[in-house]
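If you read the sequences in order, they're chains A and W.
Per the working numbering, residue 1 is the first one in the first sequence, and the count goes up by one each step.
Per the working numbering, residue 264 is the first one in the second sequence, and the count goes up by one each step.
Incorrect hints may have been included.
What the hints assert, rightly or not - Ranges between beta-carbon positions, derived for each pair:
no., chain 1, residue 1, chain 2, residue 2, range
1, A, Pro234, W, Thr330, 46 to 52 Å
2, W, Asp381, A, Pro234, 44 to 50 Å
3, A, Lys184, W, Val296, 32 to 38 Å
These are computed hints drawn from the structure, not numbers from a lab.
All C-beta atoms in this analysis are idealised placements derived from N, C-alpha and C, irrespective of residue type, glycine included.
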Amino acid sequence: MSLLPTALKRLSYCFLLAALIHLQAPAASAQWIHVTLAGTPRTPDGKPNLAAPVPTAPDGKPDLSGLWQVDSGKYLQNLAGEGVQVPLLPWAAAVYKGRQSDSGKDRPSVHCMPHGVPDAMLVYPFKIVQTPGEVIVLEEEFNQYRQILTDGRALPQDPEPAWFGYSVGKWEGDTLVVEVAGFKEGSWLDDGGYPHTDALHITERLHRLTFGTMEMNITIDDPKAYSKPWQAAPIHFKLLPDSDLIEHLCENEQDLQHLQGGH
Amino acid sequence: MKTRCIVILLAIGFFLTAPPAPAHHAFAAEYDVDKPIKLTGSVTKIDWRNPHAWFYIDVKDENGKITNWGFELPTPNTLMRAGWTRNSMKIGDMVIVEGTRSKDGTANANAKTVTLSDTGKKLFDTATATIAPE
Chain A
1 MSLLPTALKR
11 LSYCFLLAAL
21 IHLQAPAASA
31 QWIHVTLAGT
41 PRTPDGKPNL
51 AAPVPTAPDG
61 KPDLSGLWQV
71 DSGKYLQNLA
81 GEGVQVPLLP
91 WAAAVYKGRQ
101 SDSGKDRPSV
111 HCMPHGVPDA
121 MLVYPFKIVQ
131 TPGEVIVLEE
141 EFNQYRQILT
151 DGRALPQDPE
161 PAWFGYSVGK
171 WEGDTLVVEV
181 AGFKEGSWLD
191 DGGYPHTDAL
201 HITERLHRLT
211 FGTMEMNITI
221 DDPKAYSKPW
231 QAAPIHFKLL
241 PDSDLIEHLC
251 ENEQDLQHLQ
261 GGH
Chain W
264 MKTRCIVILL
274 AIGFFLTAPP
284 APAHHAFAAE
294 YDVDKPIKLT
304 GSVTKIDWRN
314 PHAWFYIDVK
324 DENGKITNWG
334 FELPTPNTLM
344 RAGWTRNSMK
354 IGDMVIVEGT
364 RSKDGTANAN
374 AKTVTLSDTG
384 KKLFDTATAT
394 IAPE
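Start from the sequences and build out the full structure, keeping to the hints where you can.
Right, here's the structure in full:
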């Protein structure tokens, strides 16, 4: 007796039920975790087509707008990538080693300070809203935002140091090249604890590959902490289609009192 | 048939859509992986707030003494995207919790699974809510 036809029948029933639940979900959802977004390319069954081509903004540039998240937690743990030797200056190497041996217990986020650049984009979802003169990045963690100004302005001279720095962007073909500088000290480049100083200058190259995928290549240049500029491991983002940000505030921080450090 | 479908679909759905785990703190700085814990108790409080959801249970020992234990879950944002809500667990629910003990010796742990002890229904399983460990 073959069980396969029965199994297939059951699976077909399951998927029919799934389709019905999916169609029901936007109306039933209490918040916008599941919401049908207009302008989303779809396959014949109504699902978002993540392999569709990159949408185009009114000015003809690739449109990076959407809700995105990294495809892995590995970038946040180690921005440089597995086994990569980062050219830390001796004082920075000592700081990094201390943070590693302490399991990162003094990470800024336990004090409810947000992740900075780039690592605020390396864990929680973020929404890009692309407009002609600026690309707005809404970071879910701690309800933060970044502005990438694309209106032709230069980075500010002698700026007030900022946790997220100041970002300006311009298009090179289909890639948005973002220069970030004017940092204040204190943020960590990743959860592993790569340090930086106020001399930090970051270049982020954002390239949307398909409707559902985007990659980012980062160069870290901080001559007061690193002997030369270095490349982060290439970062991959997935689109979270038909969904939205959820508010996130650091309103009940309970870990700080329990942190012990060590391994 | 319908219940089995839902179980199958939930299992597939969680596995496919689980996002990476946000880690606002270093797990190893707070919890000891060599100190797993499994406790049964009744839910006294649920704190569905960021950066981590917490819930508390009264655990009775063999002498009838009650200790209130606190358990940390991932951010409600991750839990909601995995299909749970602030109403998934109720005050008074009798639950079995598997977790990792806090290093500082207090009655706290990081929860891995939460199961209703009456029905065996799994309320939370952080393995399906997260890709990377906290």
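Structure-based check of each hint:
1. Separation of Pro234 (chain A) from Thr330 (chain W) is about 49 Å and conforms to the stated range, judged on CB atoms against 46 to 52 Å.
2. For Asp381 (chain W) paired with Pro234 (chain A), a C-beta distance near 49 Å keeps the hint of 44 to 50 Å intact.
3. A hinted range of 32 to 38 Å for the beta carbons of Lys184 (chain A) and Val296 (chain W) is consistent with their spacing of about 35 Å.
Hint compliance for this structure: no hint is broken.
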